[in-house]
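**Q** Here is how the chains run, residue by residue.
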Amino acid sequence: MKPTVDVAGGASVLDKRLASLDDATRDLARTADFGKPTKLRRVLEQLRRVLLQPGGAAAVQARAQELEEAGLFLGTDWATPEILVPSLVGPGLHSGEADTVVMEATSELRTLAVAQGDYEHPTLSPEDARQFLSQVLAMNLELLFTPPSEAERTRQGRTAQLIRDLFRHVAEEVGYDVVLDKLVDEIWRILRQRPIQVDQVTSLITRLSIWRGDPDVDLSSGQGLDRLITALFGTTEACREDPGFDVFRSRLEAMDAGGLQYEASGFARAMHDTGLVSPYHAELLQFLRHEGDYLLAEALGLSDTGKNCLLRYSDLVHRLIEVAVTPQTAQAIYGLALLLDRGILHEPPIVPSLWRQIALELSPAARERLVAAFGEEPAPEARLLAGVLSMLGLPLGVGQGDNPTCQSARALSMWAYNDPDYLLQMVVWAARDDEIIMHFEGQRISSQESAGGVAQTLPVDLDPVSLLVVPHLDRIYAEMGRRCADRPGDPHRWVNPEFHGWWAARGFHINVDVATGNLVDLDDFLRQFHASYHPAYNGGQPLIHPQPAGVAVTDSAARYVGWHAITVLRVAADPQEVMRVYFYNPNNDSGQDWGDGLVVSTAGNGERFGEASLPFDQFASRLYIFHVDPLEHGEKEKVPAGDIERIIGYIERSWGSDRLPGGELQASDGPAPA
Amino acid sequence: MPRPESVSKDPEKGFVALLGWSLSAVEALDRFDRRYVVVAPDWAEEYCSEHEIPYVPWNFERLNDRSLEIAETLQEMGVDVAIPLFEETVEWAGAINSVLLENPRLFGQAMLLRDKALMKRRAQLGGIRVGIFEEAHDRDDVIRFLKRVNQTLLKLDGDPNDPIHLKAFDKAGCLGHRVIRTPDEVDTIPDEEFPVLMESHLDGWEFAVEAWVHNGKIKFLNISEYVTLGYSVFVPATPELERYRPQITAQIEKLIKTFDIEFGFVHPEYFVTSDGEMYFGEVAYRPPGFKVFELLERAYGFNAYQALVLAFDPRTTEEEIDAFFPTEVEDASGVAGCFGVYPRRRVVSELQIPEETEDDDYYESHDLSAPLEETVTKRTAFGTHWGLLYFFGDDPYRMRDLLKKQEELDFYV
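Residue numbers (this note's numbering), protein chains in the order written: chain A, 1 to 674; chain B, 675 to 1087.
No wet-lab data here; the hints were simulated from the structure.
Some hints could be false.
[As the list claims (entries may be wrong)] In silico DSS-like cross-links for lysine-lysine, where the CA-CA straight-line distance does not exceed 27 Å:
| # | chain 1 | residue 1 | chain 2 | residue 2 |
| --- | --- | --- | --- | --- |
| 1 | B | Lys891 | B | Lys931 |
| 2 | B | Lys821 | B | Lys965 |
| 3 | B | Lys821 | B | Lys687 |
| 4 | A | Lys36 | B | Lys965 |
| 5 | B | Lys928 | B | Lys891 |
| 6 | B | Lys683 | A | Lys36 |
[What the hints assert, rightly or not] Every beta carbon over 10 Å from chain B, so not counted as near; a handful from chain A, in silico:
| # | residue |
| --- | --- |
| 7 | Val13 |
| 8 | Asp33 |
| 9 | Arg41 |
| 10 | Glu45 |
| 11 | Ile210 |
| 12 | Asp226 |
| 13 | Glu253 |
| 14 | Asp304 |
| 15 | Tyr313 |
| 16 | Arg506 |
| 17 | Ala557 |
| 18 | Met579 |
| 19 | Asp593 |
Note that the structure is predicted; figures quoted are calculated from it, not measured.
Here a beta-carbon is modelled for each residue, glycine too, at the ideal position from N, C-alpha and C.
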């Protein structure tokens, strides 16, 4: 025999595996496209074995071009690196499917080879490659710093370590500094949407602050990181060196009014700047409860409206702080401050509802769920009250977590925004009775009696209010849908108004034929949307109530992803005089790229915290369901044909590309589908 | 991205028809200089037209009145020879080639190679040693045979019986292969498996041969060593088995003479007993299962399907085929082996390659799929494995031990 493997017996494990990988790659390369699937297994398996070895990532990077040219990525999304989405890399790498992990990892190393100029790629520029990797690193930074969790270990075995080695290699090649800037930008971008849940962000900032303490780290980058770190740690003079609550408290006790005011305004500024609240802030508030409302208002950073509410309902606010504000629930301070600033305490039912909430006894089931998700400290009652403050203060900060329950998250957000005492009632039913009863066209629907909801398993990654209420809402929502099963057309027509509230208008428009999935009545649909929502065609009427709507979400290549529930909040001109739709998206991050130039903006175009926005026509091009008051007509015939054509163009280039049956399209004078 | 060009076809060389669908075979021919056409059932049509693979639809049922039709179709297309890829298409190849090559005897030859009982008789007539065999039509026949075989072996009442083997007449490899030791076990054979071929058990070392034949001469002879039948095989064999190569070659020459094989490919199985005597098991006129062709490519670098075409193509020259094949054993760059995985537990939930296997230098890849059902169907006959593990290394003895060791490991837990 003529051995090629154990060359002189001195070859390392990595060399041997590489020899086998190279042989497999050659075999793949010489095979016609249709036969490649038969050769792929061996390449993937050898790639994985190489990546498990020290130095494996660099070796694969060096072979990236050969692997891609051999057809490794053929027929997959990885074949077009120019449209890959950084946020999908994480899920790919955490897949339980070993082949997916290997493909994803190899794609990263390919991108790295392109970024380093070692591989001149036909469709991906080094700049774009570098940009992509920076984003990937920023979004998966925990892979650089943390060992695999128990869950990862069980699901992925040694692959969990493989992806960590991969990321260390990528970060070393790309440079941590680049990552840091991007990472900090990313954190700021998320925080500008003012989410209720900030656990992920705070744990990341904590890790970064530890990493920054390393004397080897170059401190020239990371603009804005200091603000984030100090919002959580060392916010003010009295807690500069993170001295612990006892020392902090004794320092407060020794302060005069001027010193306390300085502390109060320091915390308030940090909180309103970032949306993050330091645990020391909780300690300060508890201390200031005994020092008078002026300092309390200062520590909450209240506006005139907020101060007015605080002074008017001082007993209630003091009691809310006393019960709900603890170092573990410090974020509720921000909720409380915004709640007061919204002035909703002046609505008659709110104050008594909050007193009821303070005294509420939870059902054993509710206590159990809260303890399972958040731990014993503070008590579940306090945890829930803190959650209520957050939701009432940040109605647009509600997120659906990693659950398919966008409808329920949207409902909670809508009630917190528009009908807060109804929300407080829902919370009581869910938390005290473990049952919510709603009515659908006069028929009673109980969440306890209804079968399964949209979600297959109970969600855990939610804020306290969502954690208790969403499972009930989800079942009721699904039951309402079941009761419409035998009706023709889309069930949202009936479900949405019954589920959300009387203000969800009864007039209903949809541009998709439920039976075929094809687009129908497109021209009229779009004109009607203008006539109802666009101030130029509806008599200049601003939107009064938030309205449920449905959008066809597309990915960054403008391909259809799925139907999604959102809320239209307002339609107005932005600072550049572009008419925009401002909406709420229950996804945890609303800043999404929907392809074909549609990038949902979350800041910088007149958005309020938590709002997402798109220019009116771009928004209309992804819309498939909206509600209107049928008695208000608007002037739909005045909408210029050119505007409608432009919108149809967006539709044809994205989710509508395969939904346009020939000849049935009403606005057929538009450009033909590509 | 550079797409591998389909190799341009040489009109001076043969035009072959592949009987049956095998992606590996088509892929290999796509990069070979012979024109080819795939003859396969109509479910392959969409795939073939999508990938511009030359294709003629045909459903291979039992031979019937229409059999001539496909032969004529291929003849009109200018096809020189048909190559069977599966056991079920061997008789079709015989029928078609008897037309294409104007040699009616090819059909009779194919029928011999398709029926295990006829095959053994013919071998016996040719002076090849075979074990005791008989056909069984019902369970009584099986019990009688089991008793007679053990009487012949001078067993006394109460001595443990030597087992007998039951095989379907016309199925490939281990399909329908059962081992029977006691009359009780006979009851477990379902009615629909009859008639079957019964054989006495040979206490020998079983191995298989792949031989490419051109103009009645062996052009390449591979010996595939089984570690455990139905579990594992590797090529080339250990020196221990390779030392029989001259005797084995002589046996194969006897075989192709007895069966009158002028061209093509044979895949027989033999036992060699402790005293060096060779017993013929059976022979197939088609590529072996268990991915032996892939193993050969890994070990020697030549593509065994392309070799198949060379051996069948009547226009292949002696020089061309001699140049194509490497020298047996000497030219192998290593030993390639594979192991068929059966779940060992009754209830499984996931596929997990043991670290012991995965970390071995010789381990290369696997094509196991995740379990679809949690309960493992009880194996009655030899059954079908759930996928293969592939190994490659230098030392045939280490390969043998490694493959043996896999039998003790759980891949489905």
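**Q** Now look at each hint and say whether the structure bears it out.
**A** Consistency of the hints with the structure:
{"no.": "1", "hint": "B:Lys891 x B:Lys931", "verdict": "10 Å, holds"}
{"no.": "2", "hint": "B:Lys821 x B:Lys965", "verdict": "37 Å, violated"}
{"no.": "3", "hint": "B:Lys821 x B:Lys687", "verdict": "56 Å, violated"}
{"no.": "4", "hint": "A:Lys36 x B:Lys965", "verdict": "17 Å, holds"}
{"no.": "5", "hint": "B:Lys928 x B:Lys891", "verdict": "11 Å, holds"}
{"no.": "6", "hint": "B:Lys683 x A:Lys36", "verdict": "21 Å, holds"}
{"no.": "7", "hint": "Val13", "verdict": "7 Å, violated"}
{"no.": "8", "hint": "Asp33", "verdict": "6 Å, violated"}
{"no.": "9", "hint": "Arg41", "verdict": "5 Å, violated"}
{"no.": "10", "hint": "Glu45", "verdict": "4 Å, violated"}
{"no.": "11", "hint": "Ile210", "verdict": "33 Å, holds"}
{"no.": "12", "hint": "Asp226", "verdict": "45 Å, holds"}
{"no.": "13", "hint": "Glu253", "verdict": "59 Å, holds"}
{"no.": "14", "hint": "Asp304", "verdict": "62 Å, holds"}
{"no.": "15", "hint": "Tyr313", "verdict": "57 Å, holds"}
{"no.": "16", "hint": "Arg506", "verdict": "48 Å, holds"}
{"no.": "17", "hint": "Ala557", "verdict": "19 Å, holds"}
{"no.": "18", "hint": "Met579", "verdict": "44 Å, holds"}
{"no.": "19", "hint": "Asp593", "verdict": "26 Å, holds"}
In summary, the structure is inconsistent with hints 2, 3, 7, 8, 9, 10 from the numbered list given earlier, while agreeing with the others.
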